[in-house]
Structures are given as C-alpha cells and as structure tokens.
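S.K.: Let chain A serve as the given structure and place chain B on it in line with the hints.
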Amino acid sequence: MPSDLEKAMESMIMVFHKYASKEGDNNSLSRRELKDLMENELSGFLMSQKDPATVDKIMKDLDTNGDGQVSFEEFVSLVVGLSIACEQCYQMHLKKTGARK
Amino acid sequence: MALVSEFLGQLTLNIGGAEPTYPTVVPASDFDPDKDAARIETAIKTKGVDEQTITDILTRRTYNQRREIAFAYERRAKKDMITALKGALSGSLEALVLGLMKSTSQYDATEIKSSIKGLGTDEETLIELVCSRSRSELVEIKSVYKELFKKDLEKDVAGDTSGEFRALLLALVEAKRDEPSTVVDYEKIDEDARALYEAGVKRKGTDVKTWISIMSERSVPHLQKVFDRYKSYSPYDMQESIRKEVKGDLEKSFLTLVQCFENKQLYFASRLAEAMKGKSAKDKVVTRIMVSRCEVDLMKIRSEFKKQQGKSLYQTIAEHTKGDYQRALLTLCGGDD
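Residue numbers (UniProt numbering), protein chains in the order written: chain A, 1 to 101; chain B, 1 to 337.
Bound-form chain A, shown alone (with noise of 0.2 Å):
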C-alpha cells in the first residue's frame, strides 16, 4: 500500500507524463503542452496572475538547456516552488488561525 508521500511522488509523475506524451517527444513538455499541464492542473495559480505572459516566462525559466522543452528534471523544479511558497502560505495560515503546530 503506497504511502502518501509515495502517492504524491507517483501522482507528479503521472501528471507530467499524461501533458508530455501528448505531441512529439513523449519525455518532455513542448511549450504547448506545458500551457495544457498548467491549464487544467494549476488553473487557479495561473488565472491569479495578471499577466498574460506568465507561461512564456514560466517555461524561459524553467528551461535551463535552452532545448525549447521542459524536461522532468525541469518540471519538478516548478512544482518544488510552488510547495515552498504554499507551505509559507500554510504557515501564515496557522499563526492566523492561532492552531498550533
């Protein structure tokens, strides 16, 4: 029986895997695909940026080879951000809520 964190491992693996496959190299996210992934897996995080530009910049920074596609190892990096930034957010919550940790 997986435990949560491996369920949670699996599920980042999957996620990638069902954007990457969907056009040309199936080991990695064109631009097209990466704006999919993000799309319908992270909708609220990027409608709650104002700009338009937000993917595009996204995937510049992700794609530190420069190949114009965004490997695994470069994809976990945003999720890796993403988790930093909630858990501080999850932090500010707690003191708001005064729960204890």
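The set of hints was computed from the structure by calculation and includes no laboratory data.
Treat each hint with caution, since some may be false.
[Unchecked claim] Far from chain B, some chain A residues (derived; all Cβ distances over 10 Å):
# : residue
1 : E6
2 : K22
3 : E74
4 : V80
[Stated by the list, open to error] DEER-style ranges, computed between Cβ atoms:
#  : chain 1 : residue 1 : chain 2 : residue 2 : range
5  : A       : P52       : B       : K176      : 34 to 40 Å
6  : B       : K202      : A       : H93       : 27 to 33 Å
7  : B       : Q315      : A       : N40       : 49 to 55 Å
8  : A       : A8        : B       : G248      : 56 to 62 Å
9  : B       : T121      : A       : E73       : 53 to 59 Å
10 : A       : F72       : B       : P221      : 27 to 33 Å
11 : A       : S21       : B       : D190      : 43 to 49 Å
Here a beta-carbon is modelled for each residue, glycine too, at the ideal position from N, C-alpha and C.
M.R.: Chain B only, in chain A's frame:
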C-alpha cells in the same frame, strides 16, 4: 488539502529574482591587461601626460578588468598604478579615474566618508547614498567602511546627524530590510498602508517613527504595493504626503527612499538632470552617478533621462562639461539616444 488550491491563488510570480541590469560598460573582448598597462605607463610618462589614452582605456574596461591592468602595471613598472595616476591627473578627471579604480562598495564607502568628514556634513550626498543602496549593498559598504577607515559606519553617521533624520539613516544602515517573498500578504499591505496614513496625513503632526520602521523594514516589492494601497486611504499619494508632513533633510530622505522604491533609475536620471542644470555641472554628483552605475543600470537611466528631459543624457553631458573629463563621461555613457 483544498488549502493548496487556495494558496496557489494567492501567489504572485517573481521570476528571475534579481532585477535585470542594463550596464553601459561591459567587459572588453580580446582584453590584454599587459598591453593596457604598458600603454598607460607610457601615457603617464609622456610629457604633459597623455590623459586621453588613460581615459580611453580605463573607461572601456569593467572594474574587474581594471584591476587586472593595475596588477600588470605594478608587475612591469614596480609602482602602484593608482598612486601613479594620482600624480599624473588632476581635478574632476582624477576624481573620476580614481573612482573607476575602486570597487562599488569601496567607492560608496569612500563617498560616504567624504560626505561626513570634517566640519559640517554634505547631507545631500549622504542621503543619496544611504537611501538608494539596497540592503545587501549597505551590508557590503559597512564592512568595507570598517576595513578602510577602522570605524563603524553607524557611529560616524550618528555622530554627524541628529534627530529624526539620524533615526532614519541609522534604521537604513542597520540593513534589516525583509527579503522579497513570493507570497503576497494582502492583509499586511493593507495594515501598513493604513498605518502610514494614520501616522501622517490623518493626524495632526507626524508619527515619524512608524514611517521609519515601515519604510526601512519591509521588502521593496511589498512597499510598492503598500504605496498603491495607500492611495485608497489618503487623498495624497505617498510622495505628496511626505512633502506635506515633513521638511528639510527628513523630507529629502523619505522622498529619495520612495522614489528609489518606485523607480530607481528615474531617481538617478533626475539627480543627473539637477546636477547639470544651468551653465556648469556639479561634477562630484555627475561623476559619482556615472561611475557607480555604469556597470549596473546606466542604460536604463539614460532612457529615463530622455523620457523625462526630452534630451539625451549624452547631449546634456556634452553641453555641460569639457575636455578629457567630458570624454570620460561620454564614453561611460555609452552612446547617444
């Protein structure tokens, strides 16, 4: 956890942490420090000193490259290049070239020292430096200051200023500003905006302490949003409120701070314009800004200058300065707009 969805909706993208830089001086390609050092040695030895060669070389190299030239010079001439330059040059050109030979924090530290040295204080310079430098720049400056002058920057600043002006400068020099964060704390933004309003425009007199603590401790992106929110409470925007509430050096300092938070390059462009108003130029100010920003954001300062003044920085410098000093400034400027 439905919380994550909620949190994600609150995040603001902060891509590429550091601000993009727009320098006008970039590393010279096919750089040969020995050749440069030789040419400078010859130029210094030339009868009447060939200032043009010295200027042409040094204004077309980055600080790191200039240091390599200085090392090469010392190896071949067995003399310290800076001392040699001091002897060979004079006036505003000398000040500019010596400024180029210092690192950013060394230069800033030296400029601050000379603004507080001796009888009286050059408050304008002190304000410009302390209020425009970032937290990390101030940390560097403090340590270099201690190395160079064996004194604490805080003590020297405290000794030369007084009252609330001193309190503001010390709070900034303490460099306790928050780091920018991805999370936008809307509640705090509102709290701070209201606090600024209630401490100033809303009441009789001004609670300067509150202004000082908010403006010296919050991160810059946070403050930008606070000043925006401030407009929904106060009939006057932050800069107008400052002009209404405080006067003198305190007013100048707060204004400088806010102008730098909102658009630092525009601030420097305005300083340059002011320094070159009328017939002559306040060389010290012009030199300092050109030298300290040429490897940081002088390109952007140029465009803000053109927008604001309707005339290019290049033209303005050409009209208000002359000789080799002018040549040096124009090279650092990098081009006409």
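S.K.: Hint by hint, say whether it matches the structure.
M.R.: Hint-by-hint comparison with the structure:
Separation of E6 of chain A from chain B is adequate, the least Cβ-Cβ distance of about 17 Å exceeding the 10 Å criterion. Here K22 of chain A stays apart from chain B, with its beta-carbon at least about 23 Å from theirs, past the 10 Å limit. No Cβ of chain B comes within 10 Å of the Cβ of E74 of chain A; the nearest lies about 14 Å off, and the non-interface call holds. Every CB of chain B lies more than 10 Å from the CB of V80 of chain A, the least distance being 12 Å, so the non-interface label holds.
The beta-carbon spacing between P52 of chain A and K176 of chain B, approximately 37 Å, falls within the hinted interval of 34 to 40 Å. A C-beta distance of roughly 31 Å is found between K202 of chain B and H93 of chain A, which places it inside the suggested range of 27 to 33 Å. Checked against the hint of 49 to 55 Å, the pair Q315 of chain B and N40 of chain A passes, with Cβ atoms roughly 54 Å apart. Checked against the hint of 56 to 62 Å, the pair A8 of chain A and G248 of chain B passes, with Cβ atoms roughly 59 Å apart.
Range check, T121 of chain B to E73 of chain A: Cβ separation about 55 Å, and the 53 to 59 Å hint holds. In this structure the hint that F72 of chain A and P221 of chain B lie 27 to 33 Å apart at CB holds, the actual value being about 31 Å. Separation of S21 of chain A from D190 of chain B is about 45 Å and conforms to the stated range, judged on CB atoms against 43 to 49 Å.
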